[in-house]
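Peer 1: What follows is the residue order along each chain.
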Amino acid sequence: MGLLYGLIAVGLALIFGLMDVTNFAHGEFLMLAMYLSFFLFAFFAIDPLLSAPLVAAALFVFGAVIYLLIVRFAMRAKANAGMVQIFTTFGLAIVMRGLAQFFFTPDYRSIPQSWLGGKTISVAGIFLPEPQLVGALVSILAFVGLYFFIHRTDFGRAIEATREDPGAVALVGIDKNRVFAFGWGLGAALVGLAGAIMAVFFYIYPDVGASFALIAYVTVALGGFGSVFGAFAGGIIVGLVEAVTALVLPPSLKSVGIYAVYLLVVFIRPRGLFGSM
Amino acid sequence: MDKNFAARRRRDLIIAAGLAGLAALAPLFVKDVYVQNILILTLMYAALSQSWNILSGYCGQISLGHALYFGIGAYTTELLFTKFGVLPWFGMLGGGVIAALIAMGLGYPFFRLRGHYFVIATIVIAEIGLLLFQNWEWAGAAMGITIPIRGDSWLKFQFLRTKLPYFYFALALCCLAWFVTWWLEDSKWGFWWRAVKDNPEAAESLGVVVFNSKMGAAAVSAFLVAIGGAFYAQFLAYIDPESVMGFQFSLLMALPAVLGGIGTLWGPVLGAAILIPMTELTRSYIGGSGRGVDLIVYGTLIVLISLALPQGLVSLFSRAKTKGATR
Amino acid sequence: MSALLETRGVWQRFGGLIANSDVSISVGRGEIVGLIGPNGAGKSTLFNLIAGVLPPTQGSIRFDGEDVTHMPAAERCQRGIGRTFQVVKSFETMTVIDNVIVGALVRNTVMREARRKAHEVLEFTGLAARADVLASDLVPAEKRRLEVARALATEPKLLLLDEVLTGLTPTEAQTGVALVRKVRDAGITVLMVEHVMEIVMPLVDRAIVLDLGKVLVEGKPADVVRDPKVIKAYLGDRHAVGA
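Residue numbers (this note's numbering), protein chains in the order written: chain A, 1 to 277; chain B, 278 to 604; chain C, 605 to 847.
None of these hints come from the bench; they were simulated from the model. By construction, the Cβ of each residue, glycine as well, lies at the ideal position given by its N, Cα and C atoms. Check each hint, because a few of them may be wrong.
Partial pick of chain B residues on the chain A-facing surface, computed with a CB cut under 8 Å [as the list claims (entries may be wrong)]:
hint, residue
1, R389
2, I400
3, I539
4, I573
Mimicking DMTMM-like on lysine to aspartate or glutamate, the simulated pairs with C-alpha atoms at most 25 Å apart in a straight line are [said to hold, decoys possible]:
hint, chain 1, residue 1, chain 2, residue 2
5, C, K824, C, D668
6, B, K465, C, E727
7, C, K761, B, E478
8, A, K254, B, D517
9, C, K693, B, E462
10, C, K747, B, E462
11, B, K465, C, D626
12, B, K465, C, E696
13, C, K761, C, E727
14, B, K440, B, D309
Assemble the whole structure, with the sequences as input and the hints as a guide.
Peer 2: Listed below in structure tokens is the structure:
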């Protein structure tokens, strides 16, 4: 579970860290990905595991388009830039929820039969649910891929450089908007990947994103804004804390542990564990 | 120059008095209970947003966790009333004081945080509060508290047959929050807050104790919001954690101020006057289908307003004013 | 009479980096003292230690007969230390007069008096005509002057000026120099950090040259500029030998 949080959070961290923009619609991106995965399964009988790359690709386009259509303008606001971003993305989240209700109805849906659903695997005598295990594997792969992408390719470096100094980057002829659109796309694609896998073992409904969004923010902040690695580490910590809390406290209180750890961490390190900002 | 300034402050006060007078007469013309309901909610959110604006708008500490203080106000009042028979009026004050104390207690660790870290911490603390109340058996847990109704009474601040007392209380609260803001705006605190928002380091060098300024703003803001929470609890005559401490309240307190003009005297009132009726009307007229059209319309409007008027609706007025001046 | 400001054996380390080592300086009442030195000499660090942004690693700072080594900045302002920032830090969303009122509130709790004081200071600094303009709409030279005005409104005994004359046009710099003189004539002691020697030397009564975190030379400006150690620090060895 922690690795999946990590994946959601890495997507958010990319957007956060890259552009210092708060995306309050991140949970809704996740919701969209889960629905896509569901419909691909329902209409074309494509297993979520196979459709995950498709979903990620679709989310990539979606994220980039959202950036170009809306966020770009929100970032240009001269006054109250922070608030404008919070509330435009928040408005976007509401619109997406509304659209989901409109097209998909508020019903709870789930993917009944998939290759992974419900199976467990026994590793050294410990039974692990298979979907979660695959989710963890995919998350690790995606993270490794992202790491190489950022550090080993020109475009990855362009993103990194734009984050550090947008002005200088413009001088060497890199188009800021293209880089940012790409960053949004990439962030959305990662969420798409997470959503596709989570569609296997979570109910899908229009408000599903909201329940994960706050955890995602906490995860990113825990790791420290601007640190992609931190977000991933944060995800693992959050997953662990959740598991431990579940043992000690009643299930209805399981998030309290995560929140408490967040507060504890930022009180000691006001910029998160690996934050540089 | 000084005369201009004094004149502007007097003008603000006169306009506010005029608007309050007009609002007080509204029930003479509005007999429809549904519309009265919307008016009450609008006034309440205007008051809440005005209070939120003190900490987040003037002092620049963006809180998205004010639902905590709202809930504390509501719960203090109702727990004192149902468990100990304390009249809501005292509960209300008690709730305000407790909220202010909690805000200051939280201030110690919280005000060291900046930017997103602070915002997320405020969301998180409100969520913790919500979860704790949901699991607190003595306080009714997730089932909440139903307030026993014994007929109309000012003493117990409960009314079945008419909504007018609630209306006038909400109006009074709104006036109070506005007046407090108006008064603080031209005080040492008001100046300190704006200085802290713009540049804490420079403020410190000019003798502003940044930490105390934030604490003051947090206390005033939490106190007023808790009074609002107490009012809301009496108005509904029933509370549960989600309906007085949910995240949506934090947003509904922030939104009017942001749309109207954050950190301005008139922003919250203006924003609430437009946003709350819009919320209620879209919900009841197009939300009936249950298909989320209301959300689509509502969300789109929020996106458009925040993109088109980053300084809020208030900026429309001031722009018109400068144009008038150059002519 | 004892000095207004005195630092004794002040050290400041940032990790392995030593920004100030064993700095002892004093500023007498009514003086204009220039704190100069090449880039990275530790001027800004010393300045921040005096203003109270951070406490020194070692050593003590006395102001007006009182130990202020560990006093926070806001309290030092109340005791009478006013400062400006090298990178201008105006309250951008507030008007010029409101910026200055923030400073004036230190000694005037009644708003009307603070406002009157602020107007006085704007008059004094030549910003009166811009009182109702937003600070963000000022030109850079005006912002510098606003910094000075804000600090003056706190009615300091000692005014710390951090490169207020740097980066100005010659005319603007002349106006600035005149303003500093006027401030001193009003009975306020001035300690100013400047990088460019030409501007400050004619203005100051005494110059303290820092280099590599230490006090290199201290004395009358005319003597300081001729000191071979100073020339060497500023221009490098070759020029010193050539001269």
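Peer 1: Now, for every hint given, state plainly whether the structure supports it.
Peer 2: Status of the hints after comparison with the structure:
1. R389: holds, 6 Å
2. I400: holds, 6 Å
3. I539: It holds, given that the least Cβ distance between I539/B and chain A is near 6 Å, below 8 Å.
4. I573: holds, 4 Å
5. K824/C - D668/C: holds, 23 Å
6. K465/B - E727/C: Holds, at roughly 22 Å.
7. K761/C - E478/B: holds, 20 Å
8. K254/A - D517/B: holds, 20 Å
9. K693/C - E462/B: Within the cut-off at roughly 22 Å; holds.
10. K747/C - E462/B: Since the Cα atoms of K747/C and E462/B sit roughly 24 Å apart, the hinted pair holds (cutoff 25 Å).
11. K465/B - D626/C: violated, 40 Å
12. K465/B - E696/C: holds, 18 Å
13. K761/C - E727/C: holds, 20 Å
14. K440/B - D309/B: holds, 10 Å
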